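Asker: One letter stands for each residue in the lines below.
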Amino acid sequence: MVSAEGVRKRFLRHEVLKGITLEVQRSEVMCLLGPSGSGKSTFLRCINHLETIDAGRLSVDGELVGYRESAGKLHELRESEIAGKRAEIGMVFQHFNLFPHMTALENVIEAPIRVQKVDKSEVLQRATELLERVGLADKVGGYPAQLSGGQQQRVAIARALAMKPKLMLFDEPTSALDPELVGDVLDVMRQLAADGMTMIVVTHEMGFAREVGDTLVFMDDGVVVETGSPREVLSAPRHERTKTFLAKVL
Amino acid sequence: MSSQDATGTPTPAGRPEDIKAVPVRHPGRWISAAIVVVLVATLVRSVAINPNFGWGVVGQYFFSSRVLNGLAVTLELTAIAMVVGIVLGVLLAVMRLSPNPLVASASWAYIWFFRGTPVLVQLLFWNFFSALYPTISLGVPFGGPGFIHANANSLITPFAAAILGLGLNEGAYMAEIVRAGIISVNEGQTEAAQSLGMTRLQTMRRIVLPQAMRVIIPPTGNETISMLKTTSLVSVIAYAELLYSVQLIYSANYRTIPLLLVASIWYLIVTTVLSIGQYYIERYYGRGASRNVRLTPMQRLRQGLLIRHDKGAL
Ligand SMILES: Nc1ncnc2c1ncn2[C@@H]1O[C@H](COP(=O)(O)OP(=O)(O)O)[C@@H](O)[C@H]1O
Ligand SMILES: [Mg+2]
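Sequence lines, in order, name chains A and B. Just so it is clear: in the first sequence, position 240 is 240 by our numbering, and no numbers are missing. Just so it is clear: in the second sequence, position 47 is 1047 by our numbering, and no numbers are missing.
Chain A with its partners taken away, still in its complex shape (with noise of 0.2 Å):
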């Protein structure tokens, strides 16, 4: 589902992404780990465009990220043709982002109704049928101030999952939370591993990773350090900086 091959990404002169190669199948979890500033966010953004990159492949489902490829060269993909993949990639933020001046309903069905052009009754009744799954089926009004964190960011959740995305991506989903909130996000996520969805998470939640990820890869200065399942990395790591940071975090 993402092929990454070599991916490389430059701020100025200081370089974030030193050749990311790796391998994302359909319906697998992806756990990504590593220090703060390895280029975890910054690699997750580079899959659906908010950041362009400077060298390497990558594509998502088969096709290229920000271009299309015809004889031999690489063209940039025009604005809505950019929105358009966007759509089909959902993303979670940490600090969940939701649209303040909107109720968690509006929220979720800003993007179909807008982006998708769905009729506006169906994505209300996908929408009421996403904040039920996702245990808030009494919030449907309620503005995201007036949500606990957990709450909100189960509604990004849903608003995200509004699209019908290929592919999830989440961004230190729970790392805003108290820590009493944590278990309902993590919850609605493995349901939606168990479901079958595509998705690569950058979590510290080591009792996540271990139970519901396929593959867990670990980054450092911009690099894959290492990567394997779960229980191979986090029991036994092979490599030295695997090591002295899950001795940090564990």
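If you are wondering where the hints come from, they were derived from the structure by calculation, not from laboratory data. Fair warning: this is a prediction, and the values are worked out from it, not measured in the lab. Just so you know, not all the hints are guaranteed correct.
[What the hints assert, rightly or not] Chain A regions said to be covered by chain B (calculated; three or more residues, Cβ under 8 Å): (1) 72-83; (2) 97-103; (3) 171-183.
[As the list claims (entries may be wrong)] Which residues of chain B face chain A? A few of them, derived with a C-beta cut under 7 Å, are: (4) Gly1188; (5) Glu1191; (6) Ala1192; (7) Ser1195; (8) Leu1196; (9) Gly1197; (10) Met1198; (11) Thr1199; (12) Gln1202; (13) Ile1207; (14) Pro1210; (15) Gln1211.
[As the list claims (entries may be wrong)] Label-pair distances were calculated between CB atoms; the ranges are: (16) B:Glu1176 with A:Glu15: 31 to 39 Å; (17) A:Glu63 with B:Pro1099: 19 to 27 Å; (18) B:Glu1017 with A:Pro179: 35 to 43 Å; (19) A:Ala247 with B:Thr1296: 56 to 64 Å; (20) B:Leu1124 with A:Glu15: 35 to 43 Å; (21) B:Pro1101 with A:Glu63: 29 to 37 Å; (22) B:Phe1128 with A:His95: 54 to 62 Å.
Note that beta-carbon positions come from the ideal geometry of N, C-alpha and C, so glycine has one too.
Fit chain B with the ligands to the known structure of chain A by using the hints.
Answerer: What follows is chain B with the ligands alone, placed relative to chain A:
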């Protein structure tokens, strides 16, 4: 913690009684209030009995058709100039934030010019525009064939000069207000919208601008009130708005002060109405910004009466 030990004395229901305490006395407040009352009473009395204010004349002209016509023109000028200013302002603000440096600097230059010269001078310039360009043509640039030719004198009427002068100037100020509003919106909002597949235009219209409104509305209300008064400058190009209308009247009957009072009172009435409107618009755009919905003054009054009623019943 049990409900009992907070303020002692448990009621039969197990809930502590509401606190009844003797309030602190504030003698200073009473003294200052007395001074203010005396000063205001003196002022009101002097204004009421000084014949130079000519309250009779004020009453006589307050609803005269010439004054009311002037008021209508003032309101019309304010409304149109503000619409021009806001539309231009949004356009210039978005241009100013454009990734294209040429577009951004064009906006910068516009704002620099129109903020840097007095609006009175700009009004005079537009009024004498025909001296600068006697004919205005629409056609191919750089001396190509023209399609439409017009006499500048007949095209730029005093009304057009007023709207151009006030509106183009206002656009520069509104641009800065709108820009401040746009950059006040968290970048995460744009990212979230884009990750949902919204285009730049959709993101601006649906996500960023509605949130920027909370920052944009209060100064825009001030600009509108300020514009209402700035329209009086149009009197210099002899266009009969409120001030020029009363000037015409007092230049004939020499009752200068009463007629200036007529204009002032009308300006006050309209600014008051505008302030009330601004309150409700701010409230609308503030929704979702805090946990509590702010009540309108009427709702607060009703709630206050209800609470008092409840207390009486206890
Ligand atoms: N827009 C940007 N401009 C400049 N530097 C950036 C930008 N975004 C991220 N960086 C830098 O890239 C590095 C990696 O950031 P990030 O991908 O957010 O790391 P992580 O998510 O692993 O903590 C950091 O050093 C950060 O300062
Ligand atoms: Mg990060």
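Asker: Confirm or reject each hint.
Answerer: Status of each hint after checking the structure:
Residue count for the segment 72-83 of chain A with a Cβ under 8 Å from a Cβ of chain B: 3. That meets the three needed, and the coverage hint holds. Counting residues of the segment 97-103 of chain A whose beta carbon lies closer than 8 Å to any beta carbon of chain B gives 7, which reaches the threshold of three, so the coverage claim holds. Residues of the segment 171-183 of chain A lying with their CB closer than 8 Å to a CB of chain B number 0, which falls below the three-residue condition for coverage. Hint on Gly1188 of chain B holds. Least Cβ distance to chain A is approximately 4 Å, under the 7 Å limit.
For Glu1191 of chain B, the shortest C-beta to C-beta distance to chain A is roughly 6 Å, which falls under 7 Å, so the interface hint holds. Below 7 Å, beta-carbon pairs count as interface contacts, and Ala1192 of chain B has one with chain A at about 4 Å; its hint therefore holds. Hint status for Ser1195 of chain B relative to chain A: holds, with the closest Cβ pair at about 4 Å, below 7 Å. Satisfaction of the interface hint for Leu1196 of chain B is found here, the shortest Cβ-Cβ separation to chain A being roughly 4 Å, below the 7 Å cut-off.
At about 3 Å, the closest approach between the beta carbon of Gly1197 of chain B and any beta carbon in chain A falls short of 7 Å, and the interface hint on this residue holds. Given hint, Met1198 of chain B at the interface with chain A, holds; its Cβ is 6 Å from that chain's nearest Cβ, closer than 7 Å. The closest approach between the C-beta of Thr1199 of chain B and any C-beta of chain A is roughly 5 Å, which is under the 7 Å cut-off, so the hint is satisfied. At about 6 Å, the closest approach between the beta carbon of Gln1202 of chain B and any beta carbon in chain A falls short of 7 Å, and the interface hint on this residue holds.
Against a cut-off of 7 Å between C-beta atoms, the interface hint on Ile1207 of chain B holds, since the closest Cβ of chain A lies about 6 Å away. Among the interface hints, the one on Pro1210 of chain B holds; its C-beta lies about 5 Å from the nearest C-beta in chain A, closer than the 7 Å criterion. For Gln1211 of chain B, the shortest C-beta to C-beta distance to chain A is roughly 6 Å, which falls under 7 Å, so the interface hint holds. Glu1176 of chain B and Glu15 of chain A have their C-beta atoms about 38 Å apart, which keeps the hinted 31 to 39 Å range intact.
Between Glu63 of chain A and Pro1099 of chain B the beta carbons are some 25 Å apart, a value that agrees with the proposed interval 19 to 27 Å. A hinted range of 35 to 43 Å for the beta carbons of Glu1017 of chain B and Pro179 of chain A is consistent with their spacing of about 38 Å. In this structure the hint that Ala247 of chain A and Thr1296 of chain B lie 56 to 64 Å apart at CB holds, the actual value being about 59 Å. Restraint check, Leu1124 of chain B to Glu15 of chain A: a C-beta distance of roughly 58 Å breaks the suggested window 35 to 43 Å.
Checking the proposed 29 to 37 Å range against Pro1101 of chain B and Glu63 of chain A shows it holds: the Cβ atoms sit about 32 Å from each other. The hinted range of 54 to 62 Å is satisfied by Phe1128 of chain B and His95 of chain A, whose Cβ atoms lie roughly 56 Å apart.
When the structure is compared with the earlier hints, violations turn up for hints 3 and 20 and for no others.
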